Amino acid sequence: MTSTQIPKLVGEPIRRREDPRLITGLSTYVDDLKLPGMLHMSIVRSTHGHARLRNVDVSRARAREGVSLVMTGTEAKAWGEMLPTAAPLGNSATRYPLSDGVVRFVGEGIAAVVAGDRYTARDASELIDVDYEDLPVVVDALKAMEPGASLLHPDFKTNVCVTVPVGDKEATEAGFRDADVTIKQWMVNHRLIPNPMEPRGVVAHFDPGQETLTVWSSTQVPHLLKWLLSGLVRLPEHKVRVIAPEVGGGFGCKIDVYAEDILCSLASIHLGKPVKWIEERTENFMATIHGRDIHAEIELAARSDGRLLAQRMNVIADIGAYQQLLTAAIPTLTSLMFPGVYKVPALYAEVTEVYTNKTPTDAYRGAGRPEATYFIERAMDLLAHKLNMDPVEIRRRNFIEKDAFPYQTATGMAYDSGDYEPALELALEKAGYDDLRREQEELRKQGRYLGIGVSTYVEICGIGPSAMVPGGGWEGGSVRVERTGKVTVLTGTSPHGQGGETAFSQIVAEELGVPMDDVTVLHGDTSQVPFGVGTFGSRAIAIGGTAIVMSVEKVKEKAKKFAGLMLEASPDDLVYESGRIFVPGHEDKGVTIQEVANAAWGGTVLPPDTEPGLEATSYFEPSNCTFPFGAHVCVVEIDRDTGKVELKKYISVDDCGNVINPMIVEGQVHGGLAQGIGQALMEEAVYDTDGQLLTGSFMDYNLPKAEQLPSFELYRTTTPTPVNPLGAKGVGEAGTIGATPAVVNAVVDALKPFGVDHVDMMLRPEKLWRIMQGGTQ
Amino acid sequence: MIPTEFDYVAPSSLAEALQLLAERGADAKVLAGGHSLVPLMKLRLASPSVLIDVGRIAELKGISVEGQRLHIGALTTHAEVAASLEVIRNVPALAQAAHEIGDRQVRARGTIGGSLAHNDPAADLPAVMLALDAELVVRSAGGERTIRAEDFFVGMLETALRPDEILTEVRVAVAPQSAYVKYPNPASHYAITGVGVSLQGNGSVTSARIGVTGAAPLAFRATGAEAVLAGKALTADSIAQAAEASYDGRELLSDIHASAEYRANLVRVLTRRALEKITT
Chain H
1 MTSTQIPKLV GEPIRRREDP RLITGLSTYV DDLKLPGMLH MSIVRSTHGH
51 ARLRNVDVSR ARAREGVSLV MTGTEAKAWG EMLPTAAPLG NSATRYPLSD
101 GVVRFVGEGI AAVVAGDRYT ARDASELIDV DYEDLPVVVD ALKAMEPGAS
151 LLHPDFKTNV CVTVPVGDKE ATEAGFRDAD VTIKQWMVNH RLIPNPMEPR
201 GVVAHFDPGQ ETLTVWSSTQ VPHLLKWLLS GLVRLPEHKV RVIAPEVGGG
251 FGCKIDVYAE DILCSLASIH LGKPVKWIEE RTENFMATIH GRDIHAEIEL
301 AARSDGRLLA QRMNVIADIG AYQQLLTAAI PTLTSLMFPG VYKVPALYAE
351 VTEVYTNKTP TDAYRGAGRP EATYFIERAM DLLAHKLNMD PVEIRRRNFI
401 EKDAFPYQTA TGMAYDSGDY EPALELALEK AGYDDLRREQ EELRKQGRYL
451 GIGVSTYVEI CGIGPSAMVP GGGWEGGSVR VERTGKVTVL TGTSPHGQGG
501 ETAFSQIVAE ELGVPMDDVT VLHGDTSQVP FGVGTFGSRA IAIGGTAIVM
551 SVEKVKEKAK KFAGLMLEAS PDDLVYESGR IFVPGHEDKG VTIQEVANAA
601 WGGTVLPPDT EPGLEATSYF EPSNCTFPFG AHVCVVEIDR DTGKVELKKY
651 ISVDDCGNVI NPMIVEGQVH GGLAQGIGQA LMEEAVYDTD GQLLTGSFMD
701 YNLPKAEQLP SFELYRTTTP TPVNPLGAKG VGEAGTIGAT PAVVNAVVDA
751 LKPFGVDHVD MMLRPEKLWR IMQGGTQ
Chain G
778 MIPTEFDYVA PSSLAEALQL LAERGADAKV LAGGHSLVPL MKLRLASPSV
828 LIDVGRIAEL KGISVEGQRL HIGALTTHAE VAASLEVIRN VPALAQAAHE
878 IGDRQVRARG TIGGSLAHND PAADLPAVML ALDAELVVRS AGGERTIRAE
928 DFFVGMLETA LRPDEILTEV RVAVAPQSAY VKYPNPASHY AITGVGVSLQ
978 GNGSVTSARI GVTGAAPLAF RATGAEAVLA GKALTADSIA QAAEASYDGR
1028 ELLSDIHASA EYRANLVRVL TRRALEKITT
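Those sequence lines, one after another, are chains H and G.
Numbered by this note's numbering, the letters in the first sequence go through residues 1 to 777 in order.
Numbered by this note's numbering, the letters in the second sequence go through residues 778 to 1057 in order.
Rather than coming from a laboratory, the hints here were simulated on the basis of the structure.
In this text, all values refer to a predicted model and were calculated from it rather than measured experimentally.
Hints are all accurate, no fakes.
Far from chain H by the CB rule (all over 12 Å, computed), these chain G residues: (1) V786; (2) E793; (3) R801; (4) L862; (5) E863; (6) V914; (7) G919; (8) V931; (9) M933.
Below, a list of computed lysine-lysine pairs in the DSS-like style, where the Cα atoms sit at most 30 Å apart: (10) K705/H x K819/G; (11) K386/H x K184/H; (12) K1054/G x K767/H.
Cβ atoms here follow ideal geometry from the backbone N, Cα and C, with glycine treated the same way.
Sequences are here, hints too, so could you generate the full structure?
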């Protein structure tokens, strides 16, 4: 026996190996890069919501000492292409990286200044005189749809981008005809600003000798960026390399290919020098995509016992001024999850996307599922209220049963696996639901307003089969056992805070039977790792992890061939266990993976039809998405004097299938809950009628803080997915999805004595105070 | 987040600082903790040509009790004020307000003098200064003068400080029966409304002073409530009456966080809570 016993790793709460470097300032973000001769870029952005540019006078900026280049829409148009849309729909309006004559939202780029340092670039940008001719502004999607509304893109003769029908209209109408009871409610799901801790940043370096472009970008999808950017700046793809160095969060907003990726690259190609742009926080608020702003009138038809017959939705998505990479796809992704965890026999929805003079929307944590879940979970409470039924009971009566999986929904989704009721029962038990209801009664008598909110959700992760992901839904992963037996793992995913390096190491170390410290995970550099797609849609473990597992299997098979030679045994007779290969019953004569690796890379003796080396690359194309689920219970008390909501208790039961690292899962749920609760109670992007963003800084946009949140109580049930060999479903977004309706349901529940059955988000204390004063919202 | 170019000087004595201020005058800004000024400079909302950093001037720091008054050097940080036993014992309202300012980082760097000289309409301290009848000591190269808090706060972001003057010290009357409560803006932690209360008298109130910040463009005294309390014992009834009289109908601020009507409600609620805090 030479190898040490490898402890169990998968399923263990192992501390994240990324954290020491992250919390001690030893990691390298885009802004940490300093290249010789590097120049700096600053962007002049529109201060008007909608205006024609009569003139952009750059003469003073060009004349300023230290300025290397000033670009306007003219250069951007001549040198590069328009911003890409991976999923264009309907009247697809995109734009050049700098405005070509009309600005349509505050923050849209007008000119770019490149200078020797950031200060000069910024000072020079203030020397650019923009002569605006104001056009009428429209910031409300419903108003934008009215006849005579100011048109953002007059060629379309409408602000409506597209209307997408979903489901079966006739069957749905029949369901409503047969109903004993119906409910109907317009619901607001307001606009949010993603706010990753690290704003965006780009360094582009065109090497005029090699004719290669290297771009460091704070992106979630380096491979997609490389592919798209090569076309956008007119260089062949093999001459472009993209590196995502340390990336400080994304929440979906770093999936996009942005104007600044293109502008830095164009400037570098033009000047032959590296060009850096680092987004200021103020810019991040208005120039990086926003999320949500998807509203709906939802109708439910049910029998008198609460069982659902049909669901009808009229969805209005305010997508802002332009389509970006996935803008148009998010509202349609929402529609796929409309029925939630319930058996809805018939469903019909119309999803209308509308242009307004606001920042474009795109994927933000949950991207479609928080909206869908909010609508159905709020509606189920409304139905329970109308039937005078407990909100828990109406859910129990409508759950898709455990033996109904795989379950085909009325929106065409095939839910992979699920067992919804135990998750709800666990949440209720941990919350002490019946006691809470009694306490609520008691407190009401004292003039205190306790609210109990329940939400049950199913979402869609492991995104997904390539047919549903523009740009591909598979993922790549390589495993190389180096000559000394150390292991290098390459993943096409691009972790930016999720802990992927730790989780992938756990999987590989356990599967190969090597110490975790012997495994390194590399990602984010397109010249280093095999082709990949990226990190979004809670897909990294389910798809990226599977690609790695496939490569581990290939490596183990190859290792057996070499071991067979070394042990003079047939590879078919060998077993691989804890890093050793041996003939069963002759364990003492086995060889270690380290010994095999040395032999495999030595190459002196090769098994038949076998190449030297011990590495494998795999690409996993999933057959379906995964559908994690859970149940949340939120308890609030509302201050009678001020309307302030106190979060007294938060129980989250989440089922994300098999878990690689429960500590990381809990961390993901914590962050997700904070953002989901944030939408209900704290965060809202507010525009005035001129298109000015009133919540353009952290002074006015309340990003949730630890002191504003309760101590979360987390539990899990485990229902593995059959879709991948890990049985893992994904957990990156679940908290955001379950939390918002749980909180709003709790607040509405608290306010029942005041005669309300619905309150629109965001739940500012003043709004709740007015309700308690007997006023309207 | 990139300021315009500026000069930076860090004098080691007050005299030197005052001399510099006299020379550079209107273009200069005095830098204390920097937690109001530097963000404005980063947003290019303030572009002083020179910063005179008074942070190294030892004589501007420290807390001492002088008879019935507490003297606090202008450069004393919020964290130092909040943690000072002298302040907690003698002027609890000031300790409470200092403890509620911003967040831990702001309290560690921000100073009492810097905050008062900036006079943000949503700052916590003006309410307490009015309630405590504070005197603010200011110096210029020409000499020293003392300004009462009510005369010091002139308008939104405006004080009685002249361009060549530096606020050096804050003096407040000892007031063990004092309290501050606030309703914070959840994003910025500034006061959407904050109320500071100071009472004199045993058994019955001989005099009451109530300061309100955040609600209006300028901190103000709730004189109606003060009058209600004078001569009365502090009871649930008198507190309720005072709370009712605390808002005098003046024009209040209105923004996305709180309408004027809601702020009026907060003035009443917080006046009640501040008075209740004294009784407990």
